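Chemist: Sequence lines, in order, name chains A, B, C and D.
So the working numbering is basically just the index in the first sequence, starting at one, shifted up by 999.
So the working numbering is basically just the index in the second sequence, starting at one, shifted up by 999.
So the working numbering is basically just the index in the third sequence, starting at one, shifted up by 999.
So the working numbering is basically just the index in the fourth sequence, starting at one, shifted up by 999.
No lab work stands behind these hints: they were computed from the structure.
Keep in mind that this is a model prediction, so the values were computed, not measured.
There's no promise every hint is true.
For identical chains, the list gives no copy identity; a pair is met inside one copy or between any two copies.
Stated by the list, open to error - Here are the simulated lysine to any residue pairs, SDA-like style, with alpha carbons at most 20 Å apart:
no., residue 1, residue 2
1, Lys1079, Thr1122
2, Lys1068, Ala1043
3, Lys1079, Thr1120
4, Lys1155, Leu1080
5, Lys1079, Pro1121
6, Lys1068, Lys1079
7, Lys1155, Arg1081
8, Lys1155, Ile1074
9, Lys1068, His1131
10, Lys1068, Gln1044
11, Lys1155, His1002
12, Lys1155, Thr1120
13, Lys1155, Ile1130
14, Lys1079, Ala1144
15, Lys1068, Leu1080
16, Lys1155, Gly1082
17, Lys1068, Glu1140
18, Lys1155, Ser1036
19, Lys1068, Tyr1038
20, Lys1155, Met1000
21, Lys1079, Leu1045
22, Lys1068, Asp1135
23, Lys1068, Val1046
Protein chains: 4
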Amino acid sequence: MKHVLVIYYSRTGHTQEMANAIAQGAQLAGAQADCRSVYDVDIAQLVNYDAIILGSPSYYGSMAADVKKFLDSTISLHGKLRGKVGGAFCSSARVSGGNETTLLSILHAFLVHGMILTGGTPTYPYGPVAIHAPNDDATREECLAYGRMIAELAAKLSP
Amino acid sequence: MKHVLVIYYSRTGHTQEMANAIAQGAQLAGAQADCRSVYDVDIAQLVNYDAIILGSPSYYGSMAADVKKFLDSTISLHGKLRGKVGGAFCSSARVSGGNETTLLSILHAFLVHGMILTGGTPTYPYGPVAIHAPNDDATREECLAYGRMIAELAAKLSP
Amino acid sequence: MKHVLVIYYSRTGHTQEMANAIAQGAQLAGAQADCRSVYDVDIAQLVNYDAIILGSPSYYGSMAADVKKFLDSTISLHGKLRGKVGGAFCSSARVSGGNETTLLSILHAFLVHGMILTGGTPTYPYGPVAIHAPNDDATREECLAYGRMIAELAAKLSP
Amino acid sequence: MKHVLVIYYSRTGHTQEMANAIAQGAQLAGAQADCRSVYDVDIAQLVNYDAIILGSPSYYGSMAADVKKFLDSTISLHGKLRGKVGGAFCSSARVSGGNETTLLSILHAFLVHGMILTGGTPTYPYGPVAIHAPNDDATREECLAYGRMIAELAAKLSP
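One chain only, chain A, in its complex shape (with noise of 0.2 Å):
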């Protein structure tokens, strides 16, 4: 059984919405799913998961300080990561005000740890975006696909 950790940073919710959808996506393709706000995450248990997946509302183009201080943490791992799945989504207030670049600041990063990422949904081929509440059907069946899509890859890599 794989192990998939969803990372959320929310202030209005709407990305901790996005990340249990995800989570749910990945139980469906039969891994455990943690879903955690980036204040609770514990560094050192990073390691015991197959796939890494983080989220951030769109801030100035890319994603939230408190997101990226946690990014920046994981510098006492560096190394240990490589061969994991990563995966990123995103909420936003507009269409097309920074959604895609701060998908991909968070995209980046997990290349610098040597991860593996994945094309995403064909709507979404960067990762899910919400345009303002994701609780739209159409938003958390991207979701869903999302969280199914990386714990199926965890699943290859390492069957």
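Following the hints, put chains B, C and D in place on chain A, whose structure we already have.
Modeler: Leaving out everything else, chains B, C and D in the frame of chain A:
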């Protein structure tokens, strides 16, 4: 009077409609604005413009090949576009399917040319994006506003 | 045995040299590796490969127009590359003149295809970059290591 | 007289050295230039500057968390930086280990603020990058030239 050139590549007509609205916005700011297909641009004429705004549909996360071909051909006047204003716009089939990375692929090229960029409207900080057809009023207003901003910046730079 | 295709666009021979070293690295990992100019790729054959690694010089901050033309033409088999491994490499005249954005312009396209990416070596996390000529030993080692990583990932994904 | 603010985050002193050279370049162009650590910036004072140049080491492919924290805090004066000139610089341990994406993470934020950007020098079109220590003459010259360019652009925009 400032001279603004809006260049587009359009297969469905959507990017061309955006180009027309952007050119009209530039005219509202007192500029003379020409609107040309990427196939109809005389590279040698580029030096006669104060601002160049380039639009493309989003193909695989960056500008269409024919737009890149045009940009690569501007090597013949490398250094001569320095200090001119640059802008980008994009039409896309999907909300977050590569439209920001497409805009940025154009803006990066303009930075390599030493050109001047401006943040766009609050809704589209990297440049206007039209999802599907741009014939709705909101997208048209965004394009008008962007054209106006670019023309006003060009006027400020060489009054 | 995994099949890896290394595709390059090279005017000075530098990108081709990198391609050869990357293909050799893939072979060291037990893969069969083909090395082709972007003009000699039969699009229909792409589906027969487990991994596709695409290299370009950095022209105005993204891949050369002829490389984009190749990528745009892969629309004819859209959906059929999903799950394959993708990689990128770049030759550049300058240390920081657009080589990362060039690599990323290729990686974005592979994400839109639904392909799998991996962080590169510690030195080149987005993919190997050669500044000027790649004939020094360090660059060659980086290319070998990258080819090996891509081939090993392809093998892991479908053992 | 134009006022330029150079802001840096520096743990090893490299980014600070770059900041000093950039500020000196701005002074050579006739501007008054202040140089401040990201911890010593009074957000409310930002509106008094004509140009803001922000530098960070490259941490996991984007600006350091403390730099992002500063940028996120500028939300309190959102809209009031529109039309000011922005610039970015970066120190990095490696030639191509995320320095361009770090510069761009800063430039994206400035675009969201509606600020004006300029392509840098031919060597560093997105902004100066120092690999390892920036105390060599070439890097220093690049920083001087960039500071001068930013100050000259600010002067052009409001003579």
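Chemist: Look at each hint and say if it fits the structure.
Modeler: Verification of the supplied hints:
Proximity of lysine 1079 to threonine 1122 under the C-alpha cut-off of 20 Å is restricted to the inter-copy arrangement: shortest distance 16 Å between copies versus 32 Å within a copy. Taking the shortest Cα distances, lysine 1068 and alanine 1043 sit within 20 Å of each other inside one copy (15 Å), while across copies they are farther apart (24 Å). Taking the shortest Cα distances, lysine 1079 and threonine 1120 sit within 20 Å of each other only across copies (14 Å), while inside one copy they are farther apart (28 Å). In this assembly of identical chains, the alpha carbons of lysine 1155 and leucine 1080 lie at most 20 Å apart whether taken from the same copy (17 Å) or from different copies (17 Å).
In this homomeric assembly, lysine 1079 and proline 1121 come within 20 Å of each other (Cα to Cα) only across copies, at 12 Å, whereas the closest approach inside a single copy is 31 Å. In this assembly of identical chains, the alpha carbons of lysine 1068 and lysine 1079 lie at most 20 Å apart only when taken from the same copy (18 Å versus 27 Å across copies). When the C-alpha separation of lysine 1155 and arginine 1081 is checked against a cutoff of 20 Å, the pair qualifies both within a copy, at 16 Å, and between copies, at 14 Å. Within a single copy, lysine 1155 and isoleucine 1074 get their C-alpha atoms no closer than 27 Å, and across copies no closer than 26 Å, so neither meets the 20 Å cut-off.
When the C-alpha separation of lysine 1068 and histidine 1131 is checked against a cutoff of 20 Å, the pair qualifies neither within a copy, at 25 Å, nor between copies, at 23 Å. With identical chains, the CA atoms of lysine 1068 and glutamine 1044 are at most 20 Å apart within one copy only, with a shortest distance of 17 Å there and 25 Å across copies. Proximity of lysine 1155 to histidine 1002 under the C-alpha cut-off of 20 Å is found in both arrangements, the shortest distances being 13 Å within a copy and 18 Å between copies. In this assembly of identical chains, the alpha carbons of lysine 1155 and threonine 1120 lie at most 20 Å apart only when taken from the same copy (18 Å versus 22 Å across copies).
Taking the closest pair of Cα atoms, lysine 1155 and isoleucine 1130 never come within 20 Å of each other, the shortest separation being 31 Å inside a single copy and 35 Å across copies. In this homomeric assembly, lysine 1079 and alanine 1144 come within 20 Å of each other (Cα to Cα) only across copies, at 18 Å, whereas the closest approach inside a single copy is 27 Å. In this assembly of identical chains, lysine 1068 and leucine 1080 lie within 20 Å of each other by CA distance solely inside one copy; the values are 17 Å within and 25 Å between copies. In the homo-oligomer, the alpha carbons of lysine 1155 and glycine 1082 lie at most 20 Å apart both inside one protomer (12 Å) and across protomers (11 Å), since each shortest distance falls under that limit.
In this homomeric assembly, lysine 1068 and glutamate 1140 never come within 20 Å of each other (Cα to Cα): the closest approach is 30 Å inside a single copy and 32 Å across copies. Taking CA atoms no more than 20 Å apart as the test, lysine 1155 paired with serine 1036 passes in neither setting, with 27 Å inside one copy and 31 Å between copies. Taking identical chains as interchangeable, the C-alpha atoms of lysine 1068 and tyrosine 1038 lie at most 20 Å apart whether they share a chain (10 Å) or sit on different chains (15 Å). With identical chains, the CA atoms of lysine 1155 and methionine 1000 are at most 20 Å apart both within one copy (11 Å) and between copies (17 Å).
For the identical chains of this complex, lysine 1079 and leucine 1045 are intra-copy neighbours only, at 9 Å inside a copy versus 33 Å across copies, given an alpha-carbon limit of 20 Å. When the C-alpha separation of lysine 1068 and aspartate 1135 is checked against a cutoff of 20 Å, the pair qualifies neither within a copy, at 30 Å, nor between copies, at 31 Å. For the identical chains of this complex, lysine 1068 and valine 1046 are intra-copy neighbours only, at 18 Å inside a copy versus 27 Å across copies, given an alpha-carbon limit of 20 Å.
Going down the numbered hints, you'll see the structure goes against 8, 9, 13, 17, 18, 22, while the others check out.
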